[in-house]
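Colleague: Protein sequences, first through last, are from chains V and D. To convert, count from 1 in the first sequence and add 3; that's the numbering used here. To convert, count from 1 in the second sequence and add 21; that's the numbering used here.
Worth flagging that the hints you see were computed from the coordinates, not collected in a lab. Glycine is no exception: its CB is placed at the ideal position from the N, C-alpha and C atoms. Check each hint, because a few of them may be wrong.
List of simulated lysine-lysine pairs, DSBU-like, C-alpha gap at most 35 angstroms [what the hints assert, rightly or not]:
#1 V:K328 <-> D:K192
#2 V:K328 <-> D:K96
#3 V:K328 <-> D:K61
#4 V:K328 <-> D:K184
To list a few chain D residues with every Cβ distance to chain V over 12 angstroms, as calculated [claimed, not checked]:
#5 G50
#6 T99
#7 P125
#8 V137
#9 L147
#10 H150
#11 L181
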Amino acid sequence: MSFDELIKQGLEVGSQLGPAAGVAALVSALLMLAFGWPWRAPRPIRARLGGVVSVGLGFAVGCWWLDIRPSWPPQEDQDRLLFILLPAVIAVEILAALIGARLAHLQRQIPSSKSEDRASNMGFRVSGLAWLLRFLVAAAATPILLYGTTYVSGDAGPGTRQWTPQQTWMIFAGLAASLLAVWLLLAWLIQQPLGRAALLAVAIACGGTAVIMMMSGYASGGPLAMPLAGGVVGALAASLALRNASCVANTLGLAVVGLFALLIMGHFFSELTWTNAALLFFAPVLAAFPELPPFRRINPKLRAGVGIVLTTVPVLIAMALAMQKMAEQSPRPSSGDTPEPTLDDYMNFGK
Amino acid sequence: MNRRLFSLAGAFLLWAGNAMPAWAAETYGIDPAHSGVHFKISHIGLSWIHGRFNNYAGTFSIDPDDAGKCSFEMKINTESIDTNNNMRDNHLRSPDFFNVKQFPAISFESTGVKAVKDGYEVTGNLTMHGVTKPVTFALAGGKKAEFPKGVQRTGYSTELILKRSDFGVGKAQFASALGEDVHIEISFEGVQKK
Numbered sequence: 004m005s006f007d008e009l010i011k012q013g014l015e016v017g018s019q020l021g022p023a024a025g026v027a028a029l030v031s032a033l034l035m036l037a038f039g040w041p042w043r044a045p046r047p048i049r050a051r052l053g054g055v056v057s058v059g060l061g062f063a064v065g066c067w068w069l070d071i072r073p074s075w076p077p078q079e080d081q082d083r084l085l086f087i088l089l090p091a092v093i094a095v096e097i098l099a100a101l102i103g104a105r106l107a108h109l110q111r112q113i114p115s116s117k118s119e120d121r122a123s124n125m126g127f128r129v130s131g132l133a134w135l136l137r138f139l140v141a142a143a144a145t146p147i148l149l150y151g152t153t154y155v156s157g158d159a160g161p162g163t164r165q166w167t168p169q170q171t172w173m174i175f176a177g178l179a180a181s182l183l184a185v186w187l188l189l190a191w192l193i194q195q196p197l198g199r200a201a202l203l204a205v206a207i208a209c210g211g212t213a214v215i216m217m218m219s220g221y222a223s224g225g226p227l228a229m230p231l232a233g234g235v236v237g238a239l240a241a242s243l244a245l246r247n248a249s250c251v252a253n254t255l256g257l258a259v260v261g262l263f264a265l266l267i268m269g270h271f272f273s274e275l276t277w278t279n280a281a282l283l284f285f286a287p288v289l290a291a292f293p294e295l296p297p298f299r300r301i302n303p304k305l306r307a308g309v310g311i312v313l314t315t316v317p318v319l320i321a322m323a324l325a326m327q328k329m330a331e332q333s334p335r336p337s338s339g340d341t342p343e344p345t346l347d348d349y350m351n352f353g354k
Numbered sequence: 022m023n024r025r026l027f028s029l030a031g032a033f034l035l036w037a038g039n040a041m042p043a044w045a046a047e048t049y050g051i052d053p054a055h056s057g058v059h060f061k062i063s064h065i066g067l068s069w070i071h072g073r074f075n076n077y078a079g080t081f082s083i084d085p086d087d088a089g090k091c092s093f094e095m096k097i098n099t100e101s102i103d104t105n106n107n108m109r110d111n112h113l114r115s116p117d118f119f120n121v122k123q124f125p126a127i128s129f130e131s132t133g134v135k136a137v138k139d140g141y142e143v144t145g146n147l148t149m150h151g152v153t154k155p156v157t158f159a160l161a162g163g164k165k166a167e168f169p170k171g172v173q174r175t176g177y178s179t180e181l182i183l184k185r186s187d188f189g190v191g192k193a194q195f196a197s198a199l200g201e202d203v204h205i206e207i208s209f210e211g212v213q214k215k
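Work out the full structure: start from the sequences and follow the hints.
Modeller: This is the structure in C-alpha cells:
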C-alpha cells in the first residue's frame, strides 16, 4: 500500500465522517447560541451550562448520524462510554458550572477591600469541590471502560485475568493521574487570553484519533471521535459570538475525558499502540507551551496559533506511524498492483 | 451359611445393578490435537472466508443406555481466531466483531440430548459475545477406538449455521460486506477420563 493510497483512504474516511462532525458542530453551535442569548450580555450560568449541554447533544446527534447505537444494558466499552462515562462527565460539568456561577456570585457579594482573603478562601473551597468531582471522574474512567474485561476479571476461567490486582491499581492510578494532569493543565490554559484555543487543540487530537483508531482496527470506535471534535468546534465557534469567554470553560471536561476514553478503548480493545495513544492524548498539552513565562510578551493571537501548530505535529506523527504499521501489516496483493480493500471499503460496500 | 452368602451376593448384585447407569456414563475430555472448530462466512457474496479457533476445551459424558444422561460442554477461546490473515484476525478480535477482551470465550452447555440415527440430537445454550441462545444440532459419530493402547476414545462431528446478528457479532457497518449466516463445523475426539 503506497503513501498516496493511504492518503486517499484517509480522505475517503474523512469524507464519510465529515458530515457527522458537521452535524454535531451545527447542533452544538446552535444550542450554544440559544443558551447564550442575549449574546451581548449572556447570563454566565446559562452560558456555562450551554457549553456542556451543547457539546453533549451535538455529540449525541453526530453519533446518531453515524448510526452508532449503543446497547442497553451496557456490556461493551462503547456502551459504557456512551451510557455511563460521558453522562457522568456531563453531570459533573453541569454541577461544576453551577458551582462556578455560585462562586462568581459569592465573590461579587463580598466587598473586595473588606475581606479579600475570605473571598479567595471561599473560592478555593468551591472550585476545590468541582475538582474533587473531576478527580472522581478521572479515577473512575478507566475502571468503567475496562469493567469485566480479561484485564481485570477472571470470569472466563482460572488464569484468564491478565493483570494482578496490584498491576491493575497501578495502571488505573497512572492513567487517572495522566488524565487529571492534562485536564488541569488545559483548564489553566483555557483561562489565558485566547485560551479557548485549547478546545481547538483537543478537537484536532480527536480528529486524528478518529482516523488512527480506524487504521488500528477499531472501525466502529474511531468514528466516535469525529462528532466529539465537531461538537467541541461548534461550541467554540459559537462562543466567539458571545461576550463571555468562560462559557466554554466547562466544555473542556467532556472533550478531554472523551478523547482519553477513546484512546483507552483503542489501545486496550484494539491495536492502537501506546506511542500513538500518548502522542494523541498529550498533543493538546503542547498548546500550553507558548503560554509559558518566556513567551508571554508575544501577541496572544500568535501564541494561540503557535500552540495549535504545536498540537498538530504529534497528531501528524501518530498518523504517519499508524500508516506505517498498517502498510507493514497489510497482506501483499497477489494480483500485482491491485489495492487491498480497506475498512472503509467494507463499511461502504453495497451502499 | 450358604443362604446368607447367597443373600449377600444377591444384595450386592442388586446394588450394583442400580449403580450401573452411573458407572455406564463415560466421561471424556476433548483432545485438541484431534479436533477442530472451523467456520466459513460469505465475503461480499462472492466467496467463502474460512477460519478456525485454535484453542478450545471441553468434556462430554456418554451413556450408551440412556441418551438423556449424556451431556456436552465446550469452551472456545475467542482470542485464538485464525483466518490466515493477521490484520483480519486482529480486526475480528476487536469490538467491531468478537470483542475478545470483553468476551473471551464462546461456550456451549447441553440441556438435553436425544438419541437419533447415527448419533444424537443435542440441544443446549450457546453463549457468544455476551448473548446466550438455545441451539439444536445433530451430532454424528460415536464410534470407539483404543488409541494408543490403553486410551479409550470416541469422536463426533456436527455442522450448524448460526446467524451473526442473533449474537450481535459484527457491527451494523459490516452488514453488507459479510454474510449473515456463519457455517460452523465442529469435529472432536474425546479421551476417556479414568
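Colleague: All the hints need checking, so say for each whether the structure fits it.
Modeller: Each hint, compared with the structure:
The straight-line distance between the Cα atoms of K328 (chain V) and K192 (chain D) is roughly 24 angstroms, inside the 35 angstroms bound, and the hint therefore holds. For the hint linking K328 (chain V) to K96 (chain D), the alpha-carbon distance of about 33 angstroms falls within 35 angstroms, and the restraint holds. Between K328 (chain V) and K61 (chain D) the alpha-carbon distance is near 28 angstroms, which keeps this suggested pair within the 35 angstroms criterion. Distance restraint check for K328 (chain V) and K184 (chain D): the Cα-Cα separation of roughly 33 angstroms lies within the 35 angstroms cut-off, and the hinted pair is therefore satisfied.
Its beta-carbon lying about 15 angstroms from the closest one in chain V, G50 (chain D) satisfies the requirement of being farther than 12 angstroms from that chain. For T99 (chain D), the condition that its CB be more than 12 angstroms from all CB atoms of chain V is violated, with the nearest at approximately 9 angstroms. Consistency note on P125 (chain D): stated as away from chain V, yet its beta-carbon is not over 12 angstroms from all of that chain's, at 4 angstroms minimum. For V137 (chain D), the non-interface assignment is confirmed: its Cβ lies about 32 angstroms from the closest Cβ of chain V, beyond the 12 angstroms cut-off.
At roughly 16 angstroms from the closest C-beta of chain V, the C-beta of L147 (chain D) stays outside 12 angstroms, upholding its exclusion from the interface. Distance check on H150 (chain D): its Cβ comes as close as 9 angstroms (rounded) to a Cβ of chain V, failing to clear the 12 angstroms threshold; non-interface status is violated. Interface exclusion of L181 (chain D) from chain V stands, the closest Cβ pair being 23 angstroms apart, more than 12 angstroms.
Going through the hint list in order, the structure does not satisfy hints 6, 7 and 10.
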